[in-house]
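As they're listed, the protein sequences go chains W and D. Residue 292 is where the first sequence ends in my numbering, and the numbering goes up by one at each step. Residue 335 is where the second sequence ends in my numbering, and the numbering goes up by one at each step.
Here's a subset of chain D near chain W, in silico, CB distances under 7 Å, partners left out:
(1) Trp183
(2) Val186
(3) Asp193
(4) Ser199
(5) Asn203
(6) Gln210
(7) Glu329
No lab work stands behind these hints, which were simulated from the structure alone. Where is the CB? At the ideal position from N, CA and C, for every residue including glycine.
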Amino acid sequence: MPTDTQPSSDTQSKKSDSILVADGVTRKFGGLTAVDVEHFEIQRGKITALIGPNGAGKTTFFNLLTGFDEPDSGEWTFNGQSLHGVPPYKVARKGMVRTFQLTKVLSRLKVIENMRLGATGQRGEKFLPSLFKGLWSAQEKENTDRAMDLLARFKLDAKADDFAGSLSGGQRKLLEMARALMVDPELIRLDEPMAGVNPALKQSLLGHVKSLRDEGRTVLFVEHDMDMVRDISDWVVVMAQGKIVAEGPPDTVMANQAVIDAYLGAHHDAALTHETEEEILAAAEAELEAEAEAEENS
Amino acid sequence: MEWSSVLSGAIEQGIGPSAIIYCLAAIGLNIHFGYTGLLNFGQAAFMMVGGYALGSLIQTWGWPLFPSLIVGLLMAVVLALVLGVPTLRLRADYLAIATIAAAEAIRQVLGSAALNDEFGGQDGRYGFVDGMRSLNFIPSGGVHFLGLDFRSYDFFIMIVGWTLALLLCGFVYLLMRSPWGRVLKSIREDEDAVRSLGKNVYSYKMQALVLGGVIGALAGIMSGLATSNVAPSDFATDTTFFTYTVLLIGGAARVFGPVAGALIFWFFISGLDLFFDKMTSGANPTIPASIMTDDQASLMRLIFLGLILMLIMIYRPQGIFGDRRELAIDAH
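Bound-form chain W, shown alone (with noise of 0.2 Å):
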């Protein structure tokens, strides 16, 4: 495997601001190692896209970062500041706030509860201050207000008072990215946000993912459909088997061997019968297909 171990030559542009970096991150489940990432970087105000076939490590990197998974070694800061061994919870008060492939709203709890719930430094979230609602009744209308605000931007006001429960798989993506947004993170970092969401609302939500940076934070999304990410990122990072195989503005990234060779296979272009090519081609659609109703299922 000459080109798991040769990044791009781009991999060697350093980026001028970087917000959160990486070295040497590696996770194994038993014999297998999932994750193997000897440098990963993201620059702030950009958004960022880690992109790779099924099974790449992704998720998996994704939730190292996060905290909501010990690696075996590597190290990484935030800011500057090392994320060794923080609790999840910790990492969102930092400023570095995820969603989830599979979508986790609050089902039986209202909207704007949902909502509310991400706001940070509640004071009535304290044992004994939560008893006398004149302690918190005035920051809990901020947060109200800045919920429906935000609400509002994701066409989701009108929901507010209905259970989370009854929204469909795309107002939950919607619903969760805003509840992320209510923690104001500097870096929020989207876990296959497009993912089982029909092609209408990938444009909307693609234009949420940029309004994002526009409004200055840094955007992280893992995905694995190459096209989505063409259009709205600023720097991609290709991982394949666990390892980083290349990383570069996606124009770049999308014309590399190394990337080409991970979604297709090695030897895709070599003496290949057009109908064998064919064939591998159905069956790589017909997999992605079965995956995509497995996920609307669950």
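Given chain W, work out where chain D should sit, using these hints.
For chain D alone, coordinates are given in the frame of chain W:
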């Protein structure tokens, strides 16, 4: 045949001391299971440490009432920490396993012959309520109204108990309308989501476990005070499951669910008992002995209770106060 005595007997039990004990236990369990989603299958253990601390400190070590009562509540805090520290970081099932095992282990230890001097073995502790009796302000003739009869001390316990239950309901209401309660309910729905928003889930689960456990201990203390006895058989596993039944009848995650559940549960269980007792007793019983003897009749209440539970689960799974819309929502 005195049918009105069946009705008045059922009402007396329905609002009597036993209903209060299960109401209090269910208020605690509601904080665990109803609001936070903690699967505590050992509520009997919290009741037991409260009741036994009271009984043994007074009878064995000669403490006065109020300090014993405070220690009983503190013991519940200790038990919650011991159970929670190792299990609350793990998946929900582990707390269930730990609590049900701990409840039985504590019961076996307190009832063991080796500790007979301290805790009285299988007989437990008794006769330790003089301090409580001295506070009784109800006339010694007892209380009689609407055909109901209560003994003086029982009625005193009822006043104290229901006052306590209502105060706790108010307390739970204040907590659950606050942002603190919102975090608990969110943990019930999905704790990873709560974690991702910067909340210390472990700390909140621990707070809920301690609070519900202390209220459980209060139920055990009331049980000791009401019957003037604490014994291992009072705190067997079925105590926990009756508490769940009370909670589910009333509706989980509802402030007044435990109150309504306890009233209904004890009304039916004692009404059915009295009814079948009447039907099979006397020289010429309504149900002849060839069909059912009076020994068998005493078991009928459990059969009918099971039937009623099934009907509630089928036709009103959300309980009395629950919101069906909420229950219809799938977890994902």
